[in-house]
Amino acid sequence: MDQTSPARRAITVQQSTGWVSVQPRELWDYRELFFFLTWRDIKVRYKQTALGAAWAVLQPFLTMVVFSLFFGGLAGISSGSVPYPVFAFAGLVPWTFFATAVALAANSLVEQERILAKVYFPRLIVPTAAVLAGLVDFAIAFVVLLGMMLVYGIVPSAAILTLPLFVAFAVLTALAVSLWLSALNVLYRDVRYAIPFMVQMWLFVSPVAYPSSLVPEPWDAVYGINPMVGVIEGFRWALLGQSEPSGPMLAVSALMVAVLLVGGLLYFRRMERSFADVV
Amino acid sequence: MSDVAVRAVKLGKIYRIGERQAYQTIRDVIANGARSGLRRASQPVRTRAGGVASRDDQWVSVLDDVSFELHEGEALGVIGRNGAGKSTLLKILSRITEPTKGHATIVGRVGALLEVGTGFHPELTGRENIALNGAILGMRRAEIARKFDEIVAFAGVERFIDTPVKRYSTGMHARLAFAVAAHLEPDILIVDEVLAVGDAEFQKKCMNKMGDAATSGRTVLFVSHNLAAIESLCSRAIWLERGRCMADGVPADVTSRYLAMSLSVLGDHL
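Top line first, the protein sequences correspond to chains A and B.
Mapping to the working numbering: the first sequence position 123 is 253, numbers consecutive.
Mapping to the working numbering: the second sequence position 224 is 333, numbers consecutive.
If you're looking for bench data, these hints aren't it; they were derived computationally from the structure.
In this text, all values refer to a predicted model and were calculated from it rather than measured experimentally.
Any given hint could be a false lead.
In silico lysine to any residue, SDA-like type, Cα no more than 20 Å apart, as pairs [to be verified]: (1) B:256 / B:275; (2) B:210 / A:177; (3) A:177 / B:337; (4) A:173 / B:275; (5) A:177 / B:119; (6) B:318 / B:351; (7) A:173 / B:269; (8) B:119 / A:173.
Restraint ranges, calculated between C-beta atoms of paired labels, are given here [what the hints assert, rightly or not]: (9) A:180 / B:334: 44 to 52 Å; (10) A:294 / B:249: 25 to 33 Å; (11) A:326 / B:258: 39 to 47 Å; (12) B:334 / A:397: 54 to 62 Å; (13) A:158 / B:126: 32 to 40 Å; (14) B:140 / A:397: 16 to 24 Å; (15) B:125 / A:185: 38 to 46 Å; (16) A:139 / B:355: 52 to 60 Å; (17) B:126 / A:205: 51 to 59 Å; (18) A:174 / B:258: 42 to 50 Å; (19) B:370 / A:396: 34 to 42 Å.
Some, not all, of what chain B presents toward chain A, calculated at C-beta under 8 Å [as the list claims (entries may be wrong)]: (20) 123; (21) 196; (22) 209; (23) 230.
In this text, a Cβ means the ideal position worked out from N, Cα and C, and glycines have one as well.
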């Protein structure tokens, strides 16, 4: 092996204090492990299930049916010019991705305590792989969403060009929340019990069953503090091309994700050193 | 002399013991925060266990002031009684946990085998687990692909390679796990005694592989209770006792001093 190869670097182990950097170079060195862990999470996902990947569609689809019946039908919530079922499903697809990714990633470190205690690698890989593995479910549900748009004859506008941006927005939001929760979960097992409740509450404060236009003008920016507001409204607009989300709301959501993500990375890196001792 | 591969300087590690060692819940943090606030007002405070709480009686030093230098190609055996700090030393050198004192410099790719089969997933097939476990141990994808057939043959699980490992017998599982570990070729190999499991034949295979690693110019750190193995495989040995380094030198000398001490301790008990 030559002297310049990354593996040949001299490494110093000592007690780290305070905040530590993310070390992107080291993450890059471990890209293959990252790939394998993501692949494993995808592979293991529906092992020994009868319905398999159909679960990726069933959950948002059945929720959409219930929402259409009660919120769209009985409660008469307006979904603008788009039929309510498509409106709800377009919100449920990014929402379901977020909810499952966070639930899996938040428990990822605790569930893999054996690996943490026996092998070194940048721990950031674990929750990140869990979040990215959720993209497979997302892709399957997305195809169903396209099918529904076809059935209802909805043609996307030029706004669809921004779709990759909002998908990335969804991934970053899930990652930001997961970094905090997975690291906290190692120290405080309360997190495990709090997550189902938190996700449920979060659904109600996100514009999945109702449009964010229900929130009156000066308050929509405040509503954007929930980053899933920006994600869902942006995703829906990019696909269905109606009710463009307000600029301030999107900006607040994006800012929130940036703050959560940077804070999450720093917190995770700070706690990482004690994971093997505490988990 | 060849280059230094591992340099440990005054390595130390203290752990916190007591009721809050393992997990804490948010309630505990709040309660303890409130308690320490009260403590300033009225002392002494009783813990839940009934003892008097104190700030520094709950620390235990598992590694204390351990220094050594290991040159490229040397094979170092680490001996000592249970709880002497051997595994902690390996964990620090393989970067799983941080020391609380001192530092160590490591030059080269480290492969740590503190356990075989780390990261094996029961639902995945033998083939899939080889890839996954190899990656976890630090092998490159190309390297795993190249050694794949060799690993399967070594484990003797050809017929079951596409069966989920949850259907494997314990022995098959152990053989496959060991086969992957045995094909790891880092610059510095760190091995804990947990490898010495399984039947006599399996152990022999394990020792042969260790011997190969030690003679092929690789730097090896090897923890074991098997003193004969240390003497035959290692070019040097250190003896740890309650976290401190008691002896460092030729394996035969170090093991005999260790044995003499163990016997005298035994004598005191009789």
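Consistency of the hints with the structure:
1. B:256 / B:275: violated, 23 Å
2. B:210 / A:177: Violated: residue 210 (chain B) and residue 177 (chain A) sit about 45 Å apart, past 20 Å.
3. A:177 / B:337: Measuring from Cα to Cα gives roughly 46 Å; hence the hint is violated.
4. A:173 / B:275: holds, 15 Å
5. A:177 / B:119: violated, 49 Å
6. B:318 / B:351: violated, 30 Å
7. A:173 / B:269: Satisfied, since the Cα-Cα distance of roughly 19 Å is no more than 20 Å.
8. B:119 / A:173: Not satisfied, since the Cα-Cα distance of roughly 45 Å exceeds 20 Å.
9. A:180 / B:334: 44 to 52 Å: Check passed, 48 Å falls within 44 to 52 Å.
10. A:294 / B:249: 25 to 33 Å: About 31 Å separates the Cβ atoms of residue 294 (chain A) and residue 249 (chain B), which means 25 to 33 Å holds.
11. A:326 / B:258: 39 to 47 Å: At 46 Å between Cβs, range holds.
12. B:334 / A:397: 54 to 62 Å: With a Cβ separation near 40 Å, residue 334 (chain B) and residue 397 (chain A) fall outside 54 to 62 Å, so the hint is violated.
13. A:158 / B:126: 32 to 40 Å: holds, 38 Å
14. B:140 / A:397: 16 to 24 Å: holds, 23 Å
15. B:125 / A:185: 38 to 46 Å: holds, 43 Å
16. A:139 / B:355: 52 to 60 Å: violated, 33 Å
17. B:126 / A:205: 51 to 59 Å: Cβ of residue 126 (chain B) to Cβ of residue 205 (chain A): about 57 Å, so the range 51 to 59 Å holds.
18. A:174 / B:258: 42 to 50 Å: Since residue 174 (chain A) and residue 258 (chain B) have Cβ atoms about 25 Å apart, the given range 42 to 50 Å is violated.
19. B:370 / A:396: 34 to 42 Å: violated, 47 Å
20. 123: Status violated, d = 11 Å.
21. 196: violated, 10 Å
22. 209: Interface hint status for residue 209 (chain B): holds (5 Å vs cutoff 8 Å).
23. 230: holds, 6 Å
Violated hints, in rising order: 1, 2, 3, 5, 6, 8, 12, 16, 18, 19, 20 and 21; the structure is consistent with all others.
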